[in-house]
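Enquirer: Residues in the first sequence are numbered from 15 upward in steps of one, following the working numbering.
Worth double-checking, as some hints may not be accurate.
What the hints assert, rightly or not - Calculated pairs, DSS-like style, for lysine-lysine (alpha carbon to alpha carbon, straight line, at most 30 Å):
| no. | residue 1 | residue 2 |
| --- | --- | --- |
| 1 | K16 | K54 |
| 2 | K50 | K134 |
| 3 | K26 | K74 |
| 4 | K74 | K54 |
| 5 | K26 | K261 |
| 6 | K16 | K261 |
| 7 | K176 | K134 |
| 8 | K50 | K16 |
| 9 | K54 | K261 |
| 10 | K74 | K261 |
| 11 | K261 | K176 |
Unchecked claim - Derived CB-CB ranges, DEER-like:
| no. | residue 1 | residue 2 | range |
| --- | --- | --- | --- |
| 12 | D178 | P131 | 14 to 22 Å |
| 13 | R181 | T155 | 34 to 42 Å |
| 14 | R150 | A273 | 19 to 27 Å |
| 15 | A273 | D89 | 17 to 25 Å |
Bear in mind the hints are in silico, worked out from the structure with no lab data behind them.
Just so it is clear, CB atoms sit at the ideal spot from N, CA and C, and this is done for glycine as well.
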Amino acid sequence: MKIATFNINGVKARIEALLTWLDEAKPDVALLQEIKSVDKGFPRELIEEKGYRVETHGQKSFNGVAILSRLPLEDVTRGLPGDDTDEQARWIEATVIGDQGAVRVCGLYLPNGNPAPGPKYDYKLAWMARMEARVRDILATEEPAVFAGDYNVIPQPEDAAKPDAWRDDALFLPQTRAAFRRIVNLGLTEAFRARNQMAGQYSFWDYQANSWGRNNGIRIDHLLLTPQAADLMLDVQIDREVRGREKPSDHVPVWIELAA
DNA sequence: ATGGCTTGCATAGCAAGA
15 MKIATFNING VKARIEALLT WLDEAKPDVA LLQEIKSVDK GFPRELIEEK
65 GYRVETHGQK SFNGVAILSR LPLEDVTRGL PGDDTDEQAR WIEATVIGDQ
115 GAVRVCGLYL PNGNPAPGPK YDYKLAWMAR MEARVRDILA TEEPAVFAGD
165 YNVIPQPEDA AKPDAWRDDA LFLPQTRAAF RRIVNLGLTE AFRARNQMAG
215 QYSFWDYQAN SWGRNNGIRI DHLLLTPQAA DLMLDVQIDR EVRGREKPSD
265 HVPVWIELAA
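Build the full structure now, drawing on both the sequences and the hints.
Expert: Encoded structure:
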C-alpha cells in the first residue's frame, strides 16, 4: 500500500499537476492539504475517473484537506477533536482496507503559526496539543496508523538549507520542535528519518527568490507511523522532481510503501 | 526586505502562506 502526502496549494490551480502525478506515482492513497476549496467545488470527477474514491473536508479560500484512495475506505471522520469552536479544516481520517490489512490514515495540515509570538502561534501550539491527544487515543488501539501531512515543523537544523534564517520562525522555534518531539515520542516513527540520515532533503521550496533553483528548501511534510505501521514499512521517498515542473505547488509529495 | 511569488476572492488590491 503506497500512501502519499501532498500539499497541493489550491486544487483548482493544481489539477493538471495533480492528475499527472497520480498517473505516474500511482499512490493507493493520497492525503492532500491546502485544497483551498469547499467540498462542492472540489474537482472530484476528474479524480474519480482515475479510479479514486474522494473524501474532502473543505473550507472556503483557505486550508482544506482530502483523501484520495484506490482502496476501499471506512469510518471517515472530519476535524481534529478537542475544540468545537475550531472552524479551520485541517484534519481528516479514514480506515483504508488493504489487501493484507487495514490502516488508519490521518491527513493533517498543521497551522503555520506565524507571526510568533502571537495569537496564530498560540493556535498552532494548542492545535499540536490536541493532535497529541488524538495520537494517544489511536496508539491505544494498537492498530497500524499513519499521520501524514504538512506539519509546518522543521524538526532539525539539517532539515533546512539555511537554518539560521528560520531561527525566529514559527516552523523552527524551540517550542514548536519540542511539541513535535512530544508527539513523536509517544511512540511514533518518523518515516523519512527512520530510513535516511542525509541532510539537504527537502519537501518545500518558496516561490520567491529562486529558492528552488538554489535548493533553498525545508523539510516540513512528514509521515509519522504507529509501531504497528512502522513494522510494515518497505520504503519512503520524496518526489523532489515534481517541484521543477510546470505550475508546481511549493511543496512536493512524500510517500511510504507499506506491506499492507 | 515591513516580502522578492502564488493563490483565492466581494475580480482589485488584499490576506495568507512559510
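Enquirer: Failing hints, ascending?
Expert: none
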